[in-house]
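S.K.: Turn these sequences into a full structure, and let the hints steer you where they fit.
Chains as they are written, first to last, in the working numbering: chain B, 475 to 716; chain X, 20 to 215.
To be clear, the hints were calculated from the coordinates, so they are not data collected in a lab.
C-beta: ideal position from N, C-alpha, C; glycine also.
Fair warning: there could be bad hints in the mix.
Derived CB-CB ranges, DEER-like [to be verified]:
1. B:E659 - X:P198: 28 to 38 Å
2. B:K687 - X:P198: 19 to 29 Å
3. X:S169 - B:L637: 40 to 50 Å
4. X:R156 - B:E659: 36 to 46 Å
5. B:A695 - X:N199: 46 to 56 Å
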Amino acid sequence: MKQEFVRTENAVRFRAEIAMLEKRGALEAGWLLVTGRPGEGKTKTLHNWAAEVGAVMLTAQANWTVTRMMEELAAKLGIEPVRGYQAKVAETIGAENMPIVLDEAQFALHDAAACLEVLRGITDKSGTILVAVTMDHEVPRFNRREQIGSRFFRKCQFHESTLGDVGAACQQLAEGVRIGDDLVERIHRETGGRMRLVLNAISRVEQIAHHLKAESLAAEAVASIALCEDFQRAGVRRRAGA
Amino acid sequence: MTYNRTSQRVLRAIARGDASPAQISASTGATKSAVRHIAVQLRRRGLIDSPEHGTYLLSQAGREWLDGGHTIERCGPTERRTRVARGLRVRAWWLMRQLGRWTLPDLLTTLADGSQRSPRTNLLRYLHGLERAGIVRRAKRVIPGDRPGSHGHVLWMLARDLGPRAPVLRDERREVFDPNHGETIALDFQEAAHDC
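M.R.: Pasting the structure below:
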C-alpha cells in the first residue's frame with residue numbers, strides 16, 4: 475500500500491474551517507472545536523495541518539493542572555521551566571503566531587476550566603488560533619462556560635468517510651491492484667466509512683490480489699473473505715448471538 | 020500561502036488544458052518555478068490534481084470553484100495567516116517530537132501528499148543522518164509490515180529532543196546543525212547504515 479496522506483472530505487472541510495477562522499472579525503474568537511468518532515481521521519488530519527503550520531499540540535489528561543499544562547507547553551517550545559517561564563511561553567506563542575492544538579479538550583474543563591482559562595488569556599492577547607478536539611457529547615460542557623463558549627468561532631464535525639472518500643483512498647493507496655467499484659462499495663459498507671478500517675481492508679485486498687496474481691479485483695472474487703474486522707462490531711455480534 | 024491573480028491565471032490555464040509548467044508558463048507569463056510553487060499551493064487546497072510529476076489537471080473541486088465564480092485573492096492586511104512550514108523534513112521533525120516513537124509509514128501517511136518528489140528516500144536519509152548524530156535511535160521492536168514477505172518497519176525513537184526547530188542535515192559536511200542551540204553535531208559513521 476502506498477504511504478500517503480489521503481485528502482478526505484473531512485480534511486478538506488477542516489482546512490476550509492481554518493481558512494475561515496483566519497478571516498474572522500473578532501480577534502479573540504479564534505477557537506475551533508473539532509468533534510467526531512474515533513477512527514475518522516481527526517488526529518491524522520490535525521497532525522498534517524499542525525506540522526505544516528508548526529503548531530504546539532497538547533493532549534489534556536484527567537486531573538490536568540495549570541502548572542502541568544504550562545510545563546508541557548514550555549517543553550514543546552524548548553523553554554526551560556525556570557522562574558518567569560509562563561510569561562515567556564505566552565510571549566513565544568504570540569511572537570511566532572503559533573496555533574495551539576488541544577486534544578482531549580474535555581479534560582481541560584476540570585477544576586472550573588482553569589487550564590482553558592489560562593489558554594484563553596494567551597490566545598486573547600496574541601490572537602492565535604486554538605483548535606480543541608473533543609467528543610460530540612462533551613460539546614454542551616464547553617457551552618456552559620460562557621467565557622469559553624464565546625471563544626469558539628465554529629465547530630468542525632468529522633463524519634464517517636463517504637463512498638467517494640473510500641474510492642479515492644482505494645485508487646490513491648492500492649498498489650499492484652485495481653479495486654473494482656463494487657468492491658469499493660463493499661469496503662465502504664463494511665467499514666462504516668472509518669478510515670482506519672478502510673486502510674486495513676485495502677491492505678487485505680492487496681494481499682489477496684498478490685496471492686491470486688490478479689491485477690484487478692471485484693467484489694465477487696473476495697465474496698467469502700473477510701476484509702476487515704471491526705472489533706467493536708464483532709463484540710456487538712457476539713453479544714447479540716449469545 | 021499567498022494566493023493572488025497569478026494563481027488565478029495558473030488555475031484558469033490548467034482548466035484550459037495546459038498541463039505542464041512549461042505550457043502554463045507560456046500562457047500566463049509566470050516563470051516555471053512560480054508555476055510549480057503555485058501548483059503546490061493549489062494542490063494543497065484541492066483545486067488541482069497531479070496524476071504524475073510535473074503534470075497538472077483541474078480537480079472536481081477546482082471545476083466547482085471556477086464554475087462558482089470564485090477567485091483566489093491576495094491576502095488582505097486584516098487576514099491573520101499562520102506561518103507555514105513547507106519543508107518535509109521540518110514537518111517530519113514536528114511529528115517526531117509529537118509522537119516520540121514512530122515508523123517511516125507513520126511519517127509518510129501523515130505528511131506525504133504526493134507533491135513531494137521522493138518523500139520516502141528524503142525522510143530515510145534524514146532519519147539515518149539524525150541517527151548518526153545521536154538524535155534518534157531504533158527501538159529493539161520491529162513493527163510488522165503489510166506486504167507479504169515484509170521484514171517489518173523500524174520503530175524509531177527520539178533520543179534527544181533538541182527543540183522546536185528542525186535539525187538541519189548537512190550531508191557534505193557530515194554534520195547536523197541544531198538551530199535551537201546554534202551548535203553543530205558531527206555524524207558518527209562508525210555504525211553501518213541499516214535499511215528501513
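S.K.: Next, verify each hint and record whether it holds.
M.R.: Now for the hints, and whether the structure bears them out:
no.: 1; hint: B:E659 - X:P198: 28 to 38 Å; in the structure: violated, 50 Å
no.: 2; hint: B:K687 - X:P198: 19 to 29 Å; in the structure: violated, 50 Å
no.: 3; hint: X:S169 - B:L637: 40 to 50 Å; in the structure: violated, 30 Å
no.: 4; hint: X:R156 - B:E659: 36 to 46 Å; in the structure: holds, 45 Å
no.: 5; hint: B:A695 - X:N199: 46 to 56 Å; in the structure: holds, 54 Å
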